[in-house]
Amino acid sequence: GESVGLHLPTLSVQEGDNSIINCAYSNSASDYFIWYKQESGKGPQFIIDIRSNMDKRQGQRVTVLLNKTVKHLSLQIAATQPGDSAVYFCAEPKGSGGGADGLTFGKGTHLIIQP
Amino acid sequence: SQTIHQWPATLVQPVGSPLSLECTVEGTSNPNLYWYRQAAGRGLQLLFYSVGIGQISSEVPQNLSASRPQDRQFILSSKKLLLSDSGFYLCAWSVLFEQFFGPGTRLTVL
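Residue numbers (the working numbering), protein chains in the order written: chain S, 253 to 367; chain P, 288 to 397.
No wet-lab data here; the hints were simulated from the structure. Nothing false has been slipped in among the hints.
Dumping the calculated DSSO-like pairs for lysine-lysine here, alpha-carbon to alpha-carbon at most 30 Å: (1) Lys294/S with Lys366/P; (2) Lys359/S with Lys367/P; (3) Lys346/S with Lys366/P; (4) Lys323/S with Lys359/S; (5) Lys308/S with Lys320/S; (6) Lys367/P with Lys294/S.
Take the sequences, apply the hints, and build the full model.
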């Protein structure tokens with residue numbers, strides 16, 4: 253069935269290092285993917301998205317890579333800061349409605365920043 | 288700019304009591320609206336979505352219901368809460384692809 257999942261439940265990195273969070277998806281028909289950041293006790297915050305016709309997209313300190321061959325998505329955070337500590341989710345649209353009928357979320361990766 | 292509000296922020300309710308959670312969106316018209324639930328340490332599960340006033344689609348069978356009485360208002364309800372209804376309830380809106388989430392309501396059923 254359709255699913256979006258994460259390889260690692262927890263990722264611990266040193267402050268200042270780069271972080272890479274991975275996500276595997278199974279729905280080849282998904283035309284875009286989204287990364288969210290969720291801090292403790294708060295709602296998910298949109299970080300960046302990527303359309304399926306792209307391989308890479310960059311934002312401020314973040315880069316998302318899409319490998320459609322192996323159905324793999326990654327989020328790279330440059331120069332990780334204490335404020336980056338959070339759970340990160342990848343998500344894809346449910347069904348074929350372009351997202352109007354909701355998103356399917358992965359289980360999340362908890363990013364821990366060590367001083 | 289668009290903003291989304293949810294209330295209450297936290298709620299403690301006894302088993303068997305009713306529930307009403309409210310979500311409102313400002314700064315946009317005719318948004319798609321969503322209710323998600325998040326169990327502790329877990330991902331988000333879509334409960335309901337709405338593409339217009341009075342139009343509700345349910346994703347999972349349960350003792351919860353949703354209503355959309357106005358364009359930018361989305362309500363999650365229950366007649367009798369169960370222990371398993373405890374969780375973090377999130378409302379979200381979208382116009383195109385990205386969904387934007389509210390601050391959430393932490394519900395504890397005792």
